[in-house]
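*Asks:* In the order they appear, the protein sequences are chains A and B.
Under my numbering, the letters of the first sequence match residues 1 to 440, in that order.
Under my numbering, the letters of the second sequence match residues 1 to 440, in that order.
A couple of the hints might just be wrong.
Since the list can't tell identical chains apart, any single copy or any two copies may satisfy a pair.
Calculated lysine-lysine pairs in the DSBU-like style (CA-CA distance at most 35 Å, straight line) [what the hints assert, rightly or not]:
id: 1; residue 1: 307; residue 2: 261
id: 2; residue 1: 280; residue 2: 307
id: 3; residue 1: 50; residue 2: 360
id: 4; residue 1: 261; residue 2: 49
id: 5; residue 1: 280; residue 2: 124
id: 6; residue 1: 414; residue 2: 98
id: 7; residue 1: 414; residue 2: 124
id: 8; residue 1: 360; residue 2: 124
id: 9; residue 1: 49; residue 2: 394
id: 10; residue 1: 49; residue 2: 360
id: 11; residue 1: 360; residue 2: 98
id: 12; residue 1: 394; residue 2: 261
id: 13; residue 1: 49; residue 2: 414
id: 14; residue 1: 50; residue 2: 307
id: 15; residue 1: 394; residue 2: 98
id: 16; residue 1: 261; residue 2: 98
id: 17; residue 1: 261; residue 2: 50
id: 18; residue 1: 280; residue 2: 98
id: 19; residue 1: 414; residue 2: 50
These are computed hints drawn from the structure, not numbers from a lab.
Protein chains: 2
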Amino acid sequence: MLGENLQIGLAGLGTVGSGVYEALLRNRDILEARAQISYEVRRVAVRDKKRRRSVELAPGVLTEDWRELVEDDQIDIIIELIGGITEAYDLVRAALEKGKPVVTGNKALLAEHGNTLFRLSQEKGVPLYFEASCGGGIPIVRSLQNSLICNNVSAIVGIINGTSNYILTAMATEALPYHEALRQAQQLGYAESDPTLDINGWDAAYKGLILAMLAYGTPLRPETISVTGIEQVEPVDFTFARQLGYTIKLLVVIRHHQERKALELRVQPSFVPQQHLLSKVEGVFNAIAVRGDLVGETIFYGRGAGKNPTSSAVVSDVVLAMRECRLQGYHTGFQPYTQEVQVLPVEETVTPCYVRFRVKDCHGVIASIAAAFSRHDVGISATSSADGEHEGGKTEWNHLVFMLHACPWGQLQKALDEIRQLDTVVADPVVLRIETFQGT
Amino acid sequence: MLGENLQIGLAGLGTVGSGVYEALLRNRDILEARAQISYEVRRVAVRDKKRRRSVELAPGVLTEDWRELVEDDQIDIIIELIGGITEAYDLVRAALEKGKPVVTGNKALLAEHGNTLFRLSQEKGVPLYFEASCGGGIPIVRSLQNSLICNNVSAIVGIINGTSNYILTAMATEALPYHEALRQAQQLGYAESDPTLDINGWDAAYKGLILAMLAYGTPLRPETISVTGIEQVEPVDFTFARQLGYTIKLLVVIRHHQERKALELRVQPSFVPQQHLLSKVEGVFNAIAVRGDLVGETIFYGRGAGKNPTSSAVVSDVVLAMRECRLQGYHTGFQPYTQEVQVLPVEETVTPCYVRFRVKDCHGVIASIAAAFSRHDVGISATSSADGEHEGGKTEWNHLVFMLHACPWGQLQKALDEIRQLDTVVADPVVLRIETFQGT
Numbered sequence: 001m002l003g004e005n006l007q008i009g010l011a012g013l014g015t016v017g018s019g020v021y022e023a024l025l026r027n028r029d030i031l032e033a034r035a036q037i038s039y040e041v042r043r044v045a046v047r048d049k050k051r052r053r054s055v056e057l058a059p060g061v062l063t064e065d066w067r068e069l070v071e072d073d074q075i076d077i078i079i080e081l082i083g084g085i086t087e088a089y090d091l092v093r094a095a096l097e098k099g100k101p102v103v104t105g106n107k108a109l110l111a112e113h114g115n116t117l118f119r120l121s122q123e124k125g126v127p128l129y130f131e132a133s134c135g136g137g138i139p140i141v142r143s144l145q146n147s148l149i150c151n152n153v154s155a156i157v158g159i160i161n162g163t164s165n166y167i168l169t170a171m172a173t174e175a176l177p178y179h180e181a182l183r184q185a186q187q188l189g190y191a192e193s194d195p196t197l198d199i200n201g202w203d204a205a206y207k208g209l210i211l212a213m214l215a216y217g218t219p220l221r222p223e224t225i226s227v228t229g230i231e232q233v234e235p236v237d238f239t240f241a242r243q244l245g246y247t248i249k250l251l252v253v254i255r256h257h258q259e260r261k262a263l264e265l266r267v268q269p270s271f272v273p274q275q276h277l278l279s280k281v282e283g284v285f286n287a288i289a290v291r292g293d294l295v296g297e298t299i300f301y302g303r304g305a306g307k308n309p310t311s312s313a314v315v316s317d318v319v320l321a322m323r324e325c326r327l328q329g330y331h332t333g334f335q336p337y338t339q340e341v342q343v344l345p346v347e348e349t350v351t352p353c354y355v356r357f358r359v360k361d362c363h364g365v366i367a368s369i370a371a372a373f374s375r376h377d378v379g380i381s382a383t384s385s386a387d388g389e390h391e392g393g394k395t396e397w398n399h400l401v402f403m404l405h406a407c408p409w410g411q412l413q414k415a416l417d418e419i420r421q422l423d424t425v426v427a428d429p430v431v432l433r434i435e436t437f438q439g440t
Numbered sequence: 001m002l003g004e005n006l007q008i009g010l011a012g013l014g015t016v017g018s019g020v021y022e023a024l025l026r027n028r029d030i031l032e033a034r035a036q037i038s039y040e041v042r043r044v045a046v047r048d049k050k051r052r053r054s055v056e057l058a059p060g061v062l063t064e065d066w067r068e069l070v071e072d073d074q075i076d077i078i079i080e081l082i083g084g085i086t087e088a089y090d091l092v093r094a095a096l097e098k099g100k101p102v103v104t105g106n107k108a109l110l111a112e113h114g115n116t117l118f119r120l121s122q123e124k125g126v127p128l129y130f131e132a133s134c135g136g137g138i139p140i141v142r143s144l145q146n147s148l149i150c151n152n153v154s155a156i157v158g159i160i161n162g163t164s165n166y167i168l169t170a171m172a173t174e175a176l177p178y179h180e181a182l183r184q185a186q187q188l189g190y191a192e193s194d195p196t197l198d199i200n201g202w203d204a205a206y207k208g209l210i211l212a213m214l215a216y217g218t219p220l221r222p223e224t225i226s227v228t229g230i231e232q233v234e235p236v237d238f239t240f241a242r243q244l245g246y247t248i249k250l251l252v253v254i255r256h257h258q259e260r261k262a263l264e265l266r267v268q269p270s271f272v273p274q275q276h277l278l279s280k281v282e283g284v285f286n287a288i289a290v291r292g293d294l295v296g297e298t299i300f301y302g303r304g305a306g307k308n309p310t311s312s313a314v315v316s317d318v319v320l321a322m323r324e325c326r327l328q329g330y331h332t333g334f335q336p337y338t339q340e341v342q343v344l345p346v347e348e349t350v351t352p353c354y355v356r357f358r359v360k361d362c363h364g365v366i367a368s369i370a371a372a373f374s375r376h377d378v379g380i381s382a383t384s385s386a387d388g389e390h391e392g393g394k395t396e397w398n399h400l401v402f403m404l405h406a407c408p409w410g411q412l413q414k415a416l417d418e419i420r421q422l423d424t425v426v427a428d429p430v431v432l433r434i435e436t437f438q439g440t
């Protein structure tokens, strides 16, 4: 036992905040035995003291001003779980300035202000821990930082948004249309009433950015990541995918092009080969595949969100913070080390692709599209078609699918711009990357 | 940078030893940048100095006496990779006594002498790191110790022997007989010339014992684990398994019966439902599913053996050892904390089972076997049969399969003892557990 009673300040008592508070209380015995620590939650900052809560707190513990936690000289460690960006930034900054280690699960904060905060952490010698910011209960942050420390990471490919994976799984297995799958996810509490960031890919992008910063030690801006959401995917795409030996997942892809000192950074709905384990990750579960030069392919799988899994990650950081906070400047929090990389423009990223057009049911359609691809040096590996269906009846257009050989994204876009002009093509094409896991 | 140049003593320069030596040299830039350390491999102990090696060492670095490493006051950290038990035990003991942190990947050593060595480590305040002892490059040791520290672990179910998984995969996918699959594994270098410990389950048992010690903090002896190897499994079992919705894997199962303060500890070839991710783990890959009260189910997947993946784990420990070795007694090496548990006798463990008999092709066989099961209160959920085949011809006996409801192992054995007496049963039955992953 370290002897002294470490004092924790907890900011935020929402779903995760109350989960953390409960976990610190309920599993105190194993934490004290395993980590040889002893602790107290001294103050809890909330927005509204009067709100009814599931956890009971002693009088005097609650405050509506997080500054009281930062200013309290008795408090050793701050947990930031208030969410949002502006106030969370002020809080984390103030705590680090005061020399108090911070534990946070705030991915938007780190994606937007990580560079500044990590620099401040480094200057002050005060650690910032953030296991809960990526993959919920999956220990991917610590594994990248410590366990795989000796590896040159060539690629990270992950399913790291549970809501969108739930929707895609429901569309794949129950043949639900997108909006019905979303409604089901909302009814089950797997999607927020405003699911925008889950659906448009930005939640996954924030997490991907953090993983890339960890793996390459380098400051990165959210603007550099190419992001496409899942709204365009339709049930018929799952039918084609299955026939062709794939399933559809929203993937974050981080790939290191060592010879070019460049990083590929993108989030897109993608074809995943049915043989690859990531294709079997269903519902709200997350999984992250990491390829290192020594370790080869590793995969980390688990619940990427939710009160308890996220609390598991937050508390593991709190334990580390408690163990390290008396070691005079030593800590295992992340320190940027700036590996020399720049982000590859998305136009230069190369993958095979699946493209589905809606075309008029007439002769010469395949020939005219194929000719446009050919003019732009985009190779075709296969084509497939299906009747269009609308409320059970046949439509006047058909689905026409092209499987394309690997080519630069920019080149494909030029071909598609030309194809969009054809009057036989009746709607914007659906374009999905095909993830081959080469070098992953 | 910590400034000072830490000095490493490496004992053993076999496959993993030379991999570690090469990794420390080749990836020095990322290690120094990420961990802010600087180091030298000062001495390397080998059995025979004159043997030709793939790695080149400066004169004076090699020695045939590991004691020179332990006695060298300049050496800060010892890496034990000599293998075996007796000498490795002397080496680790001597190093800990001398106050030198030790990194080892020696599972047999830890399974046999872990209790003594962990106690010594605790008494001396000198850490013993062993990430490489379980699951090769998969960071399962550190994840159990740190990332999942806040969880009451209810179950660990894993595929943690690559050789046997390669053999079972080849039997399942190529319908190879056991001995041919083994020969193929040996030709590809996935099985030793003497594969006994891989095949009979003891390699997996050693690793399972270490995982159980980590999860429950408690001293455990290898004798307490119930171990069955894969030699009994035949191609026909894979056919039945597939028809019934399963595949066959050698599993280590650790299950905590909280109310009884008891641990279930066993290694057995088992039916794994085709829906569960572990059923998709093929070839030499390993995967470990851990269920905690907060985190739910997590799975860790990767290469469980081999020069580079194992080196990845060893070096991650070496980095930790280097970072922690100047912190005056602080370290994150494992410390037993003795959760109160005892091992459940295997007779009291309860699972559904698959039992295959070879029976004479005559009337009343099913009835007589079913009657014996019934007398011992063993419920039958399904039966199935297939003609016996031998070198293409039909035999005089048939395969008869019973799927049994969950019942205590001891009760099943009594029923089987009675059934073995029937003169219609011509060979010892093949009994495989059915893993339901309830509570996993």
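*Asks:* If a hint holds in the structure, say so; if it doesn't, say that too.
*Replies:* Results of checking the hints against the structure:
1. Only between protomers do residue 307 and residue 261 lie at most 35 Å apart by alpha-carbon distance; the minimum there is 27 Å, versus 39 Å within a single protomer.
2. In the homo-oligomer, the alpha carbons of residue 280 and residue 307 lie at most 35 Å apart both inside one protomer (24 Å) and across protomers (29 Å), since each shortest distance falls under that limit.
3. With identical chains, the CA atoms of residue 50 and residue 360 are never at most 35 Å apart, being 62 Å at best within one copy and 77 Å at best between copies.
4. For the homomeric pair residue 261 and residue 49, neither the shortest alpha-carbon distance inside one copy (51 Å) nor that between copies (41 Å) is at most 35 Å.
5. For the homomeric pair residue 280 and residue 124, neither the shortest alpha-carbon distance inside one copy (44 Å) nor that between copies (47 Å) is at most 35 Å.
6. In this assembly of identical chains, residue 414 and residue 98 lie within 35 Å of each other by CA distance neither inside one copy nor across copies; the values are 53 Å within and 69 Å between.
7. For a Cα distance limit of 35 Å, the shortest separation of residue 414 from residue 124 qualifies neither inside one copy, at 49 Å, nor across copies, at 68 Å.
8. Taking the shortest Cα distances, residue 360 and residue 124 never come within 35 Å of each other, neither inside one copy (64 Å) nor across copies (79 Å).
9. Proximity of residue 49 to residue 394 under the C-alpha cut-off of 35 Å is found in neither arrangement, the shortest distances being 59 Å within a copy and 79 Å between copies.
10. Taking the closest pair of Cα atoms, residue 49 and residue 360 never come within 35 Å of each other, the shortest separation being 62 Å inside a single copy and 77 Å across copies.
11. When the C-alpha separation of residue 360 and residue 98 is checked against a cutoff of 35 Å, the pair qualifies neither within a copy, at 66 Å, nor between copies, at 81 Å.
12. Within a single copy, residue 394 and residue 261 get their C-alpha atoms no closer than 51 Å, and across copies no closer than 64 Å, so neither meets the 35 Å cut-off.
13. Neither within a single protomer nor between protomers do residue 49 and residue 414 lie at most 35 Å apart by alpha-carbon distance, with minima of 57 Å and 64 Å respectively.
14. In this assembly of identical chains, the alpha carbons of residue 50 and residue 307 lie at most 35 Å apart only when taken from the same copy (22 Å versus 60 Å across copies).
15. When the C-alpha separation of residue 394 and residue 98 is checked against a cutoff of 35 Å, the pair qualifies neither within a copy, at 67 Å, nor between copies, at 82 Å.
16. Taking the closest pair of Cα atoms, residue 261 and residue 98 never come within 35 Å of each other, the shortest separation being 37 Å inside a single copy and 45 Å across copies.
17. In the homo-oligomer, the alpha carbons of residue 261 and residue 50 never lie at most 35 Å apart, since the shortest distance is 54 Å inside one protomer and 42 Å across protomers.
18. In the homo-oligomer, the alpha carbons of residue 280 and residue 98 never lie at most 35 Å apart, since the shortest distance is 46 Å inside one protomer and 50 Å across protomers.
19. With identical chains, the CA atoms of residue 414 and residue 50 are never at most 35 Å apart, being 58 Å at best within one copy and 64 Å at best between copies.
Of the numbered hints given earlier, the model fails hints 3, 4, 5, 6, 7, 8, 9, 10, 11, 12, 13, 15, 16, 17, 18, 19; all others are met.
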